[in-house]
Amino acid sequence: MLQIKCPHCGVRDEVEYTFGGESHVVRPGPSIDDAGWSNYLFNKTNPKGVHFERWCHSFGCGQWFNMARDTVTHEILQVYEMSESRPVLGKEAST
Amino acid sequence: MKGYSFLSLAKNALSGHKNWPQTWRSPELKKHYDVIIIGAGGHGLATAYYLAKKHGIRNVAVLEKGYLGGGNSGRNTQVIRSNYFWPESAAFFEHSLKLYEGLSQALNFNIMLSQRGILTLAHSHHELEGMRRWANAIKINNIDSEILSPSEITDLEPRLNIESRFPVLGGFIQRRGGVSRHDAVVWAYARAASALGVDIIQQCEVTGFDAARQKVNVVHTSQGDISADKVSIAVAGHTSVVAKMAGIRVPISSVALQAMVSEPLKPCLNSQIFSPTIHVYAGQSDRGEIVIGGGADGYTSYAQRGGLALLEENMAAFCELYPSLSRLKLMRQWAGVVDLTPDTTPILGKTPLDNLYISGGWGTGGYKAIPAGGDTMAYTIANDKPHPLISGFGLDRFESGKLIDEGAASGVAH
Chain A
1 MLQIKCPHCG VRDEVEYTFG GESHVVRPGP SIDDAGWSNY LFNKTNPKGV
51 HFERWCHSFG CGQWFNMARD TVTHEILQVY EMSESRPVLG KEAST
Chain B
1001 MKGYSFLSLA KNALSGHKNW PQTWRSPELK KHYDVIIIGA GGHGLATAYY
1051 LAKKHGIRNV AVLEKGYLGG GNSGRNTQVI RSNYFWPESA AFFEHSLKLY
1101 EGLSQALNFN IMLSQRGILT LAHSHHELEG MRRWANAIKI NNIDSEILSP
1151 SEITDLEPRL NIESRFPVLG GFIQRRGGVS RHDAVVWAYA RAASALGVDI
1201 IQQCEVTGFD AARQKVNVVH TSQGDISADK VSIAVAGHTS VVAKMAGIRV
1251 PISSVALQAM VSEPLKPCLN SQIFSPTIHV YAGQSDRGEI VIGGGADGYT
1301 SYAQRGGLAL LEENMAAFCE LYPSLSRLKL MRQWAGVVDL TPDTTPILGK
1351 TPLDNLYISG GWGTGGYKAI PAGGDTMAYT IANDKPHPLI SGFGLDRFES
1401 GKLIDEGAAS GVAH
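As you go down the protein sequences, you meet chains A and B in turn. Under this note's numbering, think of the first position of the first sequence as 1, with each following residue one higher. Under this note's numbering, think of the first position of the second sequence as 1001, with each following residue one higher.
Hints may be right or wrong, so weigh each one.
[Unchecked claim] Below, a list of computed lysine-lysine pairs in the PhoX-like style, where the Cα atoms sit at most 25 Å apart:
1) B:K1385 to B:K1402
2) B:K1350 to A:K44
3) B:K1244 to A:K44
4) B:K1065 to B:K1266
5) B:K1329 to B:K1031
6) B:K1002 to B:K1054
7) A:K44 to B:K1215
8) B:K1030 to B:K1329
9) B:K1244 to B:K1053
10) B:K1329 to B:K1098
11) B:K1402 to B:K1053
12) B:K1402 to A:K44
13) B:K1030 to B:K1054
14) B:K1402 to B:K1350
15) B:K1065 to A:K44
[Claimed, not checked] Label pairs and their calculated CB-CB ranges:
16) A:V26 to B:N1108: 53 to 59 Å
17) B:T1154 to A:S58: 52 to 58 Å
18) A:P30 to B:K1215: 31 to 37 Å
19) B:P1264 to A:Y80: 46 to 52 Å
20) B:K1385 to A:V88: 53 to 59 Å
21) A:S31 to B:D1210: 32 to 38 Å
22) B:S1026 to A:G36: 43 to 49 Å
23) A:Q63 to B:R1159: 42 to 48 Å
24) B:E1028 to A:G49: 30 to 36 Å
25) B:Y1004 to A:V25: 52 to 58 Å
26) B:P1323 to A:G36: 35 to 41 Å
27) A:Q78 to B:E1146: 52 to 58 Å
28) A:P30 to B:Q1214: 28 to 34 Å
Just so you know, the hints here were simulated from the structure itself, not pulled from any lab data. In this text, a Cβ means the ideal position worked out from N, Cα and C, and glycines have one as well.
Please model the complete structure; the sequences and the hints are all you need to start from.
Dropping the structure here:
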């Protein structure tokens, strides 16, 4: 069970949250071609190591926030606001 | 390859079972191969076997980071079925089921196929209506499928509690569906491929590629650099990781899918039951254990272990359906890393690099597809064009928008 620290409510169990996939994905402009649009819609970084991702505290405050988590160890490295840019972490990959 | 037979069993019994030959060779890694397949799970080994058997390409290596069949091939719940909605999926998975039906004979290895039926339950009138549409679509695709009433379900599964919190209002069954022994399938393909000259190299991890002019020229491995005319990726949950080494981004999320077995019982369940709504599936193995599975964990993961929150959900659903089994103890619980695609249809065929092929995105349903995945990928690699059965399964469908949305059509029990 992950224990996630919501920036507004504090530490709660994983079951209160919803995972929202990769964060910091930028929607391309209207001139994008099919390949670029497909890359935006479907392709994932899906790293083995640190993943920058979105979570929502669905059964709490209902707010979205960002989180850096290791996908191998499940260690939560940083929780930060939606408006913040991707942080630079000392540890970028566990493998 | 020396065949297994009653005669060979008798002969080896007389000599105290001390002279059985090795099941497959353990050769040294060569410097060059016609085809390198990354991943010695069911799909990689089946591809190598059909390359050698049907296309005469025998200078093939199957590279495995760990040990043979140690990934998802040994972590699944062994279910085989072809009850899909869309014609493309139906044709492909039915081809697989038919190959499974003849596999013990074709490979001279008992895969313990048991076609006990796959029973899918409906818990509401709307779901039952949807299921009628689904079952009829399966019939139109010329695959067996039959709607069952609650009393027919009780006749088949007397222990099932059809008056549960979400009552069972009906269901449908594919009687040709069932289970087989997953280790046996992997060993059978490994033995047959090895006998045809395929080199299976275990403890050999691929660490990178040298790619130039749209081609993979060198494969870096933990046992040294090798070259190949063609390279194929069959690494399940690690598809994104290996594809990235070749500079390719794929529409895949890796998540942990868990399963568990109980202590063994005398035979008490007759078929494999699935409940898409309360999200659990269960059956009894030939050893008597109740094998239970459910949904995948809700976040990306490369850890081969499942979360306790989901395990609790699975068990709550199981105990509601089988109250008489609620006091069983679980013996083991494990997880495999599965590679989910947006439409839950696999990705098979060519890649942006000319001599690199991919077999991935199997998600939660790769085991049932092993024979057809191997057969069609061998054709694709040998002829450098997609096999007709997988022409719609290519990476290009995400650009053209021609998705095969089996996730929406036939639900979560995939």
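Which hints from the list above does the structure break, by number from lowest to highest?
4, 5, 8, 9, 10, 11, 17, 20, 26
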